[in-house]
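There are 4 protein chains.
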Amino acid sequence: MQKISFESDYRTGAHPDILRRLTETNSESLDAYGSDIYSESAKQKIRKACDCDDAEVYFLSGGTQTNLIVISSLLKSYEGVIAADTGHISIHEAGAIEHHGHKVLPLEHHDGKIEAESLDSYIKDFYADENHEHMVFPGMAYISHPTENGTLYSKKELEDISAICRKHNIYLYMDGARLGYGLMSRQTDVTLPDIARLCDAFYIGGTKVGALCGEALVFRKSVMPKHFMTIIKQHGALLAKGRLNGIQFDTLFTDNLYFRISKNAIDTAEMLKEVLREKGFRFAWESPTNQQFVILENEYMKSISDKVGFSFWEKYDDNHTVVRFATSWSTKAEDVEKLKSIL
Amino acid sequence: MQKISFESDYRTGAHPDILRRLTETNSESLDAYGSDIYSESAKQKIRKACDCDDAEVYFLSGGTQTNLIVISSLLKSYEGVIAADTGHISIHEAGAIEHHGHKVLPLEHHDGKIEAESLDSYIKDFYADENHEHMVFPGMAYISHPTENGTLYSKKELEDISAICRKHNIYLYMDGARLGYGLMSRQTDVTLPDIARLCDAFYIGGTKVGALCGEALVFRKSVMPKHFMTIIKQHGALLAKGRLNGIQFDTLFTDNLYFRISKNAIDTAEMLKEVLREKGFRFAWESPTNQQFVILENEYMKSISDKVGFSFWEKYDDNHTVVRFATSWSTKAEDVEKLKSIL
Amino acid sequence: MQKISFESDYRTGAHPDILRRLTETNSESLDAYGSDIYSESAKQKIRKACDCDDAEVYFLSGGTQTNLIVISSLLKSYEGVIAADTGHISIHEAGAIEHHGHKVLPLEHHDGKIEAESLDSYIKDFYADENHEHMVFPGMAYISHPTENGTLYSKKELEDISAICRKHNIYLYMDGARLGYGLMSRQTDVTLPDIARLCDAFYIGGTKVGALCGEALVFRKSVMPKHFMTIIKQHGALLAKGRLNGIQFDTLFTDNLYFRISKNAIDTAEMLKEVLREKGFRFAWESPTNQQFVILENEYMKSISDKVGFSFWEKYDDNHTVVRFATSWSTKAEDVEKLKSIL
Amino acid sequence: MQKISFESDYRTGAHPDILRRLTETNSESLDAYGSDIYSESAKQKIRKACDCDDAEVYFLSGGTQTNLIVISSLLKSYEGVIAADTGHISIHEAGAIEHHGHKVLPLEHHDGKIEAESLDSYIKDFYADENHEHMVFPGMAYISHPTENGTLYSKKELEDISAICRKHNIYLYMDGARLGYGLMSRQTDVTLPDIARLCDAFYIGGTKVGALCGEALVFRKSVMPKHFMTIIKQHGALLAKGRLNGIQFDTLFTDNLYFRISKNAIDTAEMLKEVLREKGFRFAWESPTNQQFVILENEYMKSISDKVGFSFWEKYDDNHTVVRFATSWSTKAEDVEKLKSIL
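Protein chains in written order, with this note's numbering: chain A, 88 to 430; chain B, 88 to 430; chain C, 88 to 430; chain D, 88 to 430.
Any given hint could be a false lead.
When chains are identical, the list treats them as one kind, so a pair holds in a single copy or across two.
[What the hints assert, rightly or not] List of simulated lysine-lysine pairs, DSS-like, C-alpha gap at most 30 Å:
| no. | residue 1 | residue 2 |
| --- | --- | --- |
| 1 | K211 | K402 |
| 2 | K90 | K308 |
| 3 | K90 | K132 |
| 4 | K163 | K313 |
| 5 | K254 | K313 |
| 6 | K308 | K211 |
To be clear, the hints were calculated from the coordinates, so they are not data collected in a lab.
Excised from the complex, chain A in its bound form (with noise of 0.2 Å):
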């Protein structure tokens, strides 16, 4: 038998309406640097989709290479970003935010996520510090929906969290890199006309939601970088052929089809999660999204590791380790079956 593969949401390619439409259009002479219709197209149904007539719009290729881009663009050289210790730009995305000069300033995270109110405290503690100018000034809160945890802000949550940026008056800016498995959330009571609302910037993930790569970034348009095209050519991200991730994201916002692949995820996990109960296993937090933490004995683990894949987490005790299995728009009931048998 082969072996299944829960080891991430990037393991498959593209759903299989990109690739027809990637060569469906394949021949024809298109614009480059984004100016294509395609892309165009695209922008045009995400600000629909985001109740938002005169968002900005960007494609770019990857998490780190968006979130990057976004902080260096928007903060000044004297500020930081404040984020989750758990962050993945505080964690891992190998120091791509201080290369291009900028401090991640760490919270304290529960369960993946930061807390408005901990937020508020430490930028009130920081204009009150008498040495503050020599210090690094907050100037954005990151936040990740889901969190690296596989955990969601409340709407309420988010209010509260856009409340403080804006009384502070730093950017808010959220990493969606798995923003469909968080919309189609069956816990959830937040919609992406809400994030586009309470966030100055967020990107809408394409790599980790059936795109081969792709993130859709939105700006509130107020707050947009100037010749933004041109400080993503600076970052080497700019692709010639910007119909790649046009057409990507026309045909993920066609028809829904970006909520009804994220949706599959949500329902296979539902699943996982069932078996896993049923198992009797341990979750080392609860998580209404794709991605499930399991704490698993670690001979146990071993014995399973040829016949499923998982990814390592972090070590729970000398005896434990806590596993991630992770669905994706492409995961099958007949996987989670599969699963079911091994354990």
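The hints should help you fit chains B, C and D onto chain A, whose structure is shown.
Only chains B, C and D this time, still in chain A's reference frame:
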């Protein structure tokens, strides 16, 4: 009649074989970040094509991205890169090299090329200058092949430049955005193994030669920076689905596809030259590759511009303009025929 | 009565011998950029004081400048610097390290110090993490001696930290902004030659120990970056009149002046401690150097603040504050007497 | 006979009044980081000398430091700075501007100066270029006054350049490393208030005009970057003992000292020119300031080089060299007499 397109070599999608392979492999669960079997296979094929078993190969998404990562990872902070004043990094990369900390040291071009002798003089003069410790040290020579002007270095010229670089202990790096078109030119004596032997690093361009995106960066083994994958990540250039580039280059380097489709660009360019010559157009300079540069009278230029696409290159005089006609892997003989009927 | 000053150790000018020597040598025509005879003489005296004949010595103007140049010139782009979370570079350098591209990797402090064991664990855990290629590599340990809390490493502690660094092949760098006060503490077994033997780079602070400005940066010979003068220039840190720093350090290292004036700060600090103890003040922690940290009741703190200068350190609780009293090379016994009469 | 020194204007110490004031104020306990009363007083005097009550003044330590901080804090990431190809930032600052992310856009010089018309053309051509979004935007014009060649802009030339900058909405920044020598030239119609009126930022050089170190940076109020002190800190350029620069500039701007000592350099330069002319030397170009450039026959040059110090400027031809003789605030009439006896 539909407008025919000679604006550039990046206006159509990918070679159909690439789309076919992406589709065939789409549902396979593959390792991420470039560890997949197709990336590995592509690297092996490229090493073979370079006749260099221990070359290190990495896949990146675009030319500017590749240039800035190579240059900033190989140079010391106090070093700059010597390039023709017409070089892509000198002018058309939005200051990406400087944004990453390094000065581009311009050398006067001759038909888009630098000369070994000028390079040697530049470096000798630098070290002879009593104040050179207050100046930017030359650390690398950057050449493009074909150049931005469509011209090519001869093997002798490359050997001379390489010898100067080795004499002065600086790197030689080749930007091969259109390398296929250079290798398949009817007027070249330079082969891929020659390039691998004479350069410290170079890239084999995919974006302009039949891929949707992607460049294959090749390092002489001893030259490759340590932890290069982390460096790529830090620049936001690491694709989670490395398969995208891997499969494209695996396809391009199977059954000589890269060379066969490059030859098509050359064949149609030769047809194009013939047409232009017949019609009595003046060439701005001789180009043995897929880009042809012609001097058009301004009124005439406007009169044909809704029937044929070409690109503005530079003002020639008050009444004339240099324009570029580019063929590509996807140009058809009938496109040139149509052009003939328009001119 | 004039307000007496214990706010910091950089509120008076320079030791009078320094001003005298600047005046005596003023009309001499000297080579620029650090090539003058006084800089050379100072370097030689510092090498001797370090008992390290082949150390490389450079003079810079301030602590943050020295830290950022050392760190950014020694680290690879993918490396960060491990420091106590209370370290100067972690908090009070306005993000200078990140602005120059490198993450400060914080380690929990114990009285301002890092521990060899924690350092070892941090590095081991890093390499044990399956995802470490997506993270910032530890490339250096930064310690301050005395620390920001006025505390000191023992020789054993330094040896252990040095051994861990060498085991893992990372640099050990010491910020010696107040090094004289550490070396002359009554409770230290660490000498300047010990430091030169155990660290890869460190600086001997001038600004806080009797100079108008200036820090003497010392490199182990094999560690010093090539073309370091050009690197200094590139950071805007090369003084045309290098004599300013050269003469200051030449004076400080003549007849043990640096050590003698450092001893004055320690002697007056011991008097100060005695006074504070007698008066029943609670120390926030023990400090064997020139900075003393006391917990004051807020009302009382306000009541004395127009008669004596001290500096806010941190909030202790709603009614108490930790404040710092600092002596220096120029503190007089009578200043402490006056303080006694005020408290 | 002792060798006489005309190599540069930074080989002697400080004007004696400066050393006297440093000594007189030495034991005063002063606020740090530039908040001391002498810095405040100096700023007020400089505002008055500039006839600009709301100018913002900051003290930095050297020219390259000032240039890189001004340029990198005023420009957007996608902007570069236009400068003469002979400009200090173009050649002799070790790539400091590029190291901080910005391209220096070279304009052909005429006797070290740029011309308003060329500047206008450059900017117009930039925006006319269809590909300009892939290029570095012009964001500032940098001029030095006096230039590196010792030449000066006329008031008319400055007004024209300023008008072009304002028309195109880019900054005008003047490097005044030798500003005093420009203002006291016998052939200038430019005053300090003119400069303050026409430039957005400029600095009044101290290092080369009688100070041990230090440059006074002046911003038009509306132009000054927010939190500029933090920006200075972040570049390692904030002196703890800001008094060092404050007292120097307070002294230089008391009783017109800056102008009086600058006049000495001009007076001795005029004597020097007379001597050179009498002796029949050929000038490489006319200079109305303290630097004089003479073409020497190589054999002759060597023959006098152990009796008089001058500096190599550039090769003239195989048998001749352009050398620089520089006077300064401290040059004595008798130094010129001695030179006369040697030549």
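Outcome of the hint check:
no. : hint         : in the structure
1   : K211 to K402 : between (35 Å within a copy, 13 Å between copies)
2   : K90 to K308  : neither (47 Å within a copy, 35 Å between copies)
3   : K90 to K132  : between (38 Å within a copy, 28 Å between copies)
4   : K163 to K313 : both (14 Å within a copy, 9 Å between copies)
5   : K254 to K313 : both (24 Å within a copy, 19 Å between copies)
6   : K308 to K211 : both (28 Å within a copy, 28 Å between copies)
Hint check: a violation occurs at hint 2 only; the rest are consistent with the structure.
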